[in-house]
Amino acid sequence: MSIAEPADLDAPAPSLPWWRRLVHDPAAFVALIVLTIVVLCAILAPLISPHDPYASSRAVMQPPVWSDRGAWLHPLGTDGQGRDILSRIFYGTRLTLLIGLVSVGLGGVLGSLLGLLAAFRPRLDPWVMRLVDVMLSFPAILLGLALVAVFGPGAIPVMIALAIATVPDCARIARSIAVSVMKQEYIEAGRAVGLSDLALFTRYLLRNCISSILIFISLRFGQIILIGAALSFLGLGAKPPQAELGMMAAQGRDFLLFAPHIAVIPSVMIFVIVLAANVLGDALRDVLDPRLRS
Amino acid sequence: MMTLVLNRLIISVPVLFGVLLLGFGLLILVPGDPAIVMAGPMATPEVVAAIRTEMGLDEPVLTQFFRYLGRMAEGDLGRSLISNKTVISELGAAIGPTTELMVACLIWSIPLGIALGTLAAVWRGSITDRAIMAFSVAGVSLPIFFICLMLIHFVGVQWRLLPFIGRGGPLWTMDGLRHIALPALSLGLIFIGPVARMTRSSVLEVLRLDHVRTARAKGLSEPRVILRHGLRNALIPVVTLVGLQAGYLLGGAVVTESIFSYPGIGRLAVGAILSSDFPLAQGAILILALAFILINLIVDVLYALLDPRVQTP
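Protein sequence lines, in the order shown, are assigned to chains U and F.
So the number in my numbering is just where the residue sits in the first sequence, counting from 1, plus 197.
So the number in my numbering is just where the residue sits in the second sequence, counting from 1, plus 26.
Since the hints were made in silico from the structure, they are not lab data.
Accuracy of the hints is not assured; some may be wrong.
[Stated by the list, open to error] If you want the footprint, here are the derived chain U segments under chain F, 3+ residues with CB under 8 Å:
id: 1; region: 327 to 340
id: 2; region: 430 to 437
id: 3; region: 446 to 453
[Unchecked claim] One side of the interface only, derived from the structure: several residues of chain U facing chain F at Cβ under 7 Å:
id: 4; residue: F226
id: 5; residue: A343
id: 6; residue: A346
id: 7; residue: S393
id: 8; residue: A427
id: 9; residue: A460
id: 10; residue: L472
[Stated by the list, open to error] Just a sample of chain F residues kept apart from chain U, beta carbon distances all over 10 Å, derived:
id: 11; residue: N33
id: 12; residue: E85
id: 13; residue: R186
id: 14; residue: D201
id: 15; residue: L328
Just so it is clear, CB atoms sit at the ideal spot from N, CA and C, and this is done for glycine as well.
Make the full structure from the sequences, and use the hints.
This is how it looks when you write it as structure tokens:
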């Protein structure tokens, strides 16, 4: 969601530490476990993959193990070229998560710095905000299309586009949080005791804004993953033979009639990742920083 | 009212300039010689040289930019490398279908999203509320291509209920409606979630305001309180949401059109990029960016109409 929602009244009273409250929310707890497993699968892909994700075998379009013709050799079956889907899912998750993390990370850092600077140096504020307004008028997918048009399809143009698309939203949120932090007395006190600007910025401003910014970024993560996967699905992102979840779904499109699992499994994986990220982001926001809602 | 529209138009100028700069940047940044790219892989050296002089590529970048702006103002976007038709005519043929798709998507998804969000707010904490919110989180988490593929698989192929390739004709014909049904359904499904969520929290916010309490105290019936005093005020943030999510919607349209082979701007853009049809890709991206600016302009004006407190932005 790119817009802050009005406050919900019945937020739980903040008596327990934040992580206890998070774990007490069953949905958030499940989401946390799911995301942990997904990230582990992505990191450990080379170790836990039963087969080479790029090697074809003669078993083409073999269904997953739970259907009649399935076999344990390929637990999730094989794709149109006889490649093991389970292994490709591990590697695909790796690339999909990497695209999401790099874009959100790069864009988040750049956007937060812009926003914090705007609040810290009011003279810069109008300029930064104008820049943000212009950047906001380029939707992520358009930037993606434009960069891919120039540099050709690939994971890197997509990452750059998604990073640029993350900057303006993040700058706006960071600025609005930082403006309220700048009004606090401890900033005044820091100035009074003669702290340098750099110390004031890093020790007081940055530290007090960082958690809210991180929550906002976690809420964006799901959307970024979806756009990245959509671009790869269209053939504009990751290039074959790389495994990427969106691209794997696209490759399954031609076999939808005889072997629907080839398209369905990677799509479900994306859904699970994004759903878990969204649920966890929402819960984190409610628990840690209800300010972002209002 | 007029001042507001004027103000918004003035703010759009730098944005428009940015969009044009982007289009120009696409031409300048492309690796290799733009003249060779514009001429296509089969062109002879003479053609390339002619294009180079025609485009003024030997002149300073700033001169080139003004020349480019001049050509834009005349509506000259070059010719498609594949079909050799002018880019403007290709775009012109695709704008109608994309607009139809947007209308067909919004016309059912916004009212349904608002209705679901209101129900969730009124019965807050109930099973209905939880179900609606779960549905909306699931909706924003589903990859749109998955929705499209599933609709094609079940509705199109297995049950043979609706066609799933191309466009049947204008929206007001039976065939046009049948062809647009599945793309509009897919696109709408990803849009209901955000609308329902926004409506719910907005209605919750409004329902605790004084005027709603007064309306209840007057003895108005509950549906009347909610519809007349609650929903009407709660809709303002929802309108902004539509503007903010316009980019999301355009992105969804790019994917949906590509999957359903629906002849709109999105499919045109993807096809042009994949086939390195450079002038067409540039034109399609420019048109999409313009559409985005226009939608936000309309939303801002609507916002002012709905909320008399907004005078100048």
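> Which numbered hints are broken by the structure, listed smallest first?
Replying inline: 4 and 7
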